[in-house]
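Chains as they are written, first to last, in my numbering: chain A, 1 to 114; chain B, 1 to 112.
To be clear, the hints were calculated from the coordinates, so they are not data collected in a lab. It is possible that some hints are incorrect.
Under the rule of at most 30 Å between Cα atoms (straight-line distance), these lysine-lysine pairs were calculated in the DSS-like manner [to be verified]: (1) A:Lys9 x B:Lys37; (2) A:Lys9 x B:Lys99; (3) B:Lys57 x B:Lys37; (4) A:Lys14 x B:Lys42; (5) B:Lys42 x A:Lys9.
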Amino acid sequence: NAGVTQTPKFQVLKTGQSMTLQCAQDMNHEYMSWYRQDPGMGLRLIHYSVGAGITDQGEVPNGYNVSRSTTEDFPLRLLSAAPSQTSVYFCASSLQTSGTDTQYFGPGTRLTVL
Amino acid sequence: GENVEQHPSTLSVQEGDSAVIKCTYSDSASNYFPWYKQELGKRPQLIIDIRSNVGEKKDQRIAVTLNKTAKHFSLHITETQPEDSAVYFCAASRGSWGKLQFGAGTQVVVTP
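Here chain A stands alone, though its shape is the one from the complex (with noise of 0.2 Å):
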């Protein structure tokens, strides 16, 4: 198994550019989400899914989309970007939606915003 994969792993943006940050797992996991990771204040859920065609918010929505059209693939949409994302996104899975079992994080995409 691959795990959980991420695409690119680096990007750079102008502001108001928009891009989609891949995430695939192949693991038959029902949970996914998206975290950013900013210095000095650890992971901050800004989207999640508990199956195909089910996602919602979580603490830091704004600015970002997100669809679950299948069970591997959970994209993250920037609609228009801003320097207030630059950032580290990681993309997690887990086998349950219960929320106590294990979250599996892809590598990270490492995003800038000029």
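Take the given structure of chain A and dock chain B to it, following the hints.
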């Protein structure tokens, strides 16, 4: 919502000594408390977790304790080694839709 505070933000220990990181949480309904380790430039990885029906859990040199009354839990690393140098995150969940609330992290540096 849940709020998790983690202390200290940085911790420097001599190789062989013990390290303790403490977290407090606000939601009394939280029942799952994992700890993640993140090495520089890498992804967070689960190292140990504890559930609300257990007071202590050990796995070789690491242990986690939970005090539900006081709403705090701690990570203990004994006989620290250079490879223990990393950022450690605590988290808490009430089991609803997989949402984890993370602490801000502790940078642990183990010096030889």
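Evaluated hints:
1. Restraint check: the Cα-Cα separation between Lys9 (chain A) and Lys37 (chain B) comes to about 20 Å, which is no more than 30 Å; the hinted pair holds.
2. A threshold of 30 Å between alpha carbons decides the hint, and for Lys9 (chain A) with Lys99 (chain B) the separation of about 25 Å falls inside it, so the pair holds.
3. With a C-alpha separation of about 17 Å, the suggested pairing of Lys57 (chain B) with Lys37 (chain B) holds against the 30 Å cut-off.
4. For the hint linking Lys14 (chain A) to Lys42 (chain B), the alpha-carbon distance of about 26 Å falls within 30 Å, and the restraint holds.
5. Under the criterion of a C-alpha separation no larger than 30 Å, the hint pairing Lys42 (chain B) with Lys9 (chain A) is consistent with the structure, at around 12 Å.
The structure shown violates none of the earlier numbered hints.
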